[in-house]
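Novice: Sequence:
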Amino acid sequence: MGTTNETLPFFTQFIRFKAQYSDLPTLTFFVVANSIVCAYLILSLPLSIVHIIRSRAKFSRLLLIFLDAAMLALVTAGASAAAAIVYLAHKGNVRANWLAICQQFDSFCERISGSLIGSFGAMVVMILLILLSAIALSRR
Numbered sequence: 001m002g003t004t005n006e007t008l009p010f011f012t013q014f015i016r017f018k019a020q021y022s023d024l025p026t027l028t029f030f031v032v033a034n035s036i037v038c039a040y041l042i043l044s045l046p047l048s049i050v051h052i053i054r055s056r057a058k059f060s061r062l063l064l065i066f067l068d069a070a071m072l073a074l075v076t077a078g079a080s081a082a083a084a085i086v087y088l089a090h091k092g093n094v095r096a097n098w099l100a101i102c103q104q105f106d107s108f109c110e111r112i113s114g115s116l117i118g119s120f121g122a123m124v125v126m127i128l129l130i131l132l133s134a135i136a137l138s139r140r
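Take the sequence shown: its position 139, counting from 1, is numbered 139 in our numbering, and each next residue is one higher.
Derived by calculation from the structure, the hints in this document are not laboratory data. Ideal Cβ placement from N, Cα and C applies to all residues, glycine included. Be a bit skeptical, because a hint or two may be false.
[Claimed, not checked] Label pairs and their in silico Cβ distance ranges:
#1 Ala77 - Gln103: 22 to 30 Å
#2 Phe29 - Ala96: 19 to 27 Å
#3 Lys58 - Leu128: 30 to 38 Å
#4 Val94 - Ser55: 57 to 65 Å
#5 Tyr40 - Ala96: 35 to 43 Å
#6 Leu99 - Ala136: 29 to 37 Å
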């Protein structure tokens, strides 16, 4: 999503329309939220490996489950907000005079839709990981 942009010529080569993810604050929030969650998951990986080796650290496991749930909420917020913008980009809104831009900016819309699908896939994986962690903690 961070590299998504497309430029279309308009009548001449000097006048162009450009679409970037940074033009919409919602898509910027989507990129920032996913970046924060990605950094958290990378930083929490060593602690998770320590938990596999030492099985007695229950407090830090509980803390990881809590932080994982908070990161899931952040990903959900970013993906949900971006989904609203992607819907408007595809369908538009006649009452608000918002035109659908996906007829003109094809590759832009394909890329933002693809990154949105990836984010919703990450949400599903995070839900499964949180459930598995909670089940493992409750068994010990």
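Novice: If you check the beta carbons of Leu99 and Ala136, does the distance land in 29 to 37 Å?
Specialist: For Leu99 and Ala136 the Cβ distance comes to about 50 Å; the hint is violated.
Novice: Is the gap between the beta carbons of Tyr40 and Ala96 within 35 to 43 Å?
Specialist: holds, 36 Å
Novice: If I claimed the Cβ atoms of Lys58 and Leu128 lie 30 to 38 Å apart, would that claim hold in this structure?
Specialist: violated, 21 Å
Novice: For Ala77 and Gln103, compare the CB-CB distance with the range 22 to 30 Å and indicate the outcome.
Specialist: holds, 29 Å
Novice: Should the hint that Phe29 and Ala96 are 19 to 27 Å apart at their CB atoms be regarded as holding?
Specialist: holds, 21 Å
Novice: Given the range 57 to 65 Å, decide if the beta-carbon distance of Val94 to Ser55 lies inside it.
Specialist: holds, 59 Å
In the structure shown, a violation is registered for the earlier hints numbered 3, 6, in ascending order.
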